[in-house]
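Asker: Position 129 of the sequence shown, counted from 1, bears residue number 137 in my numbering, the numbering being contiguous throughout.
Just so you know, these hints were derived from the structure itself, not from any lab. Wrong hints could be hidden among the right ones.
Computed Cβ-Cβ distance ranges for the label pairs, DEER-style [claimed, not checked]:
| # | residue 1 | residue 2 | range |
| --- | --- | --- | --- |
| 1 | 102 | 170 | 49 to 57 Å |
| 2 | 31 | 57 | 37 to 45 Å |
| 3 | 159 | 51 | 27 to 35 Å |
| 4 | 60 | 11 | 13 to 21 Å |
| 5 | 106 | 80 | 15 to 23 Å |
Ideal Cβ positions, reconstructed from N, Cα and C, are used throughout, including at glycine.
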Amino acid sequence: MSDLKYLGAYPAVLQEQVRELIRADRLGVHLAKRYPERHAIQTDKALYAYANGIRQSFLRVAPAIDKVLYDSKLDVLHHALGQHRAISRVQGGKLTAKKEIRIASLFKDAPPEFLEMIVIHELAHLKEREHNKAFYRLCEYMQPGYAQFEFDLRLYLTHLDLSRG
């Protein structure tokens, strides 16, 4: 139980509070109380429309997204929850780059706030490549409370790991 792999960068006091929730078997209850709903975005087409709507609201001058999809292998193979890519292709005599976002399929059954957080995270990479202050300011602008959602998502992932193992 001492291994909180998703919470390693957080203060020891916070980690101890999480361990206490786990010992009392209250982590799942805590999360269910804070996030009782699940989203209805189940298809790649719906996910694309959702992500593109957020992009149009906040990042109009950012490059268009060509593809957004759920990826069942993403968390296992890439140790990531979401991924953005620029796929280069030669079409005729031109080199084009297609923007693609992949979201781990475990988010098909997640609270809407967590799906939004992951989509916003990946969209923010269209403007800010690195995880720097400007990146996190942009995420916070697009989803007020982003930092709390990120922490709670880490709690959610911890809970999923404990439920599986």
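Asker: Now, for every hint given, state plainly whether the structure supports it.
Answerer: Each hint tested on the structure:
{"no.": "1", "hint": "102 with 170: 49 to 57 Å", "result": "holds, 50 Å"}
{"no.": "2", "hint": "31 with 57: 37 to 45 Å", "result": "holds, 42 Å"}
{"no.": "3", "hint": "159 with 51: 27 to 35 Å", "result": "holds, 29 Å"}
{"no.": "4", "hint": "60 with 11: 13 to 21 Å", "result": "violated, 38 Å"}
{"no.": "5", "hint": "106 with 80: 15 to 23 Å", "result": "holds, 21 Å"}
When each numbered hint is compared with the structure, a violation occurs for hint 4 only.
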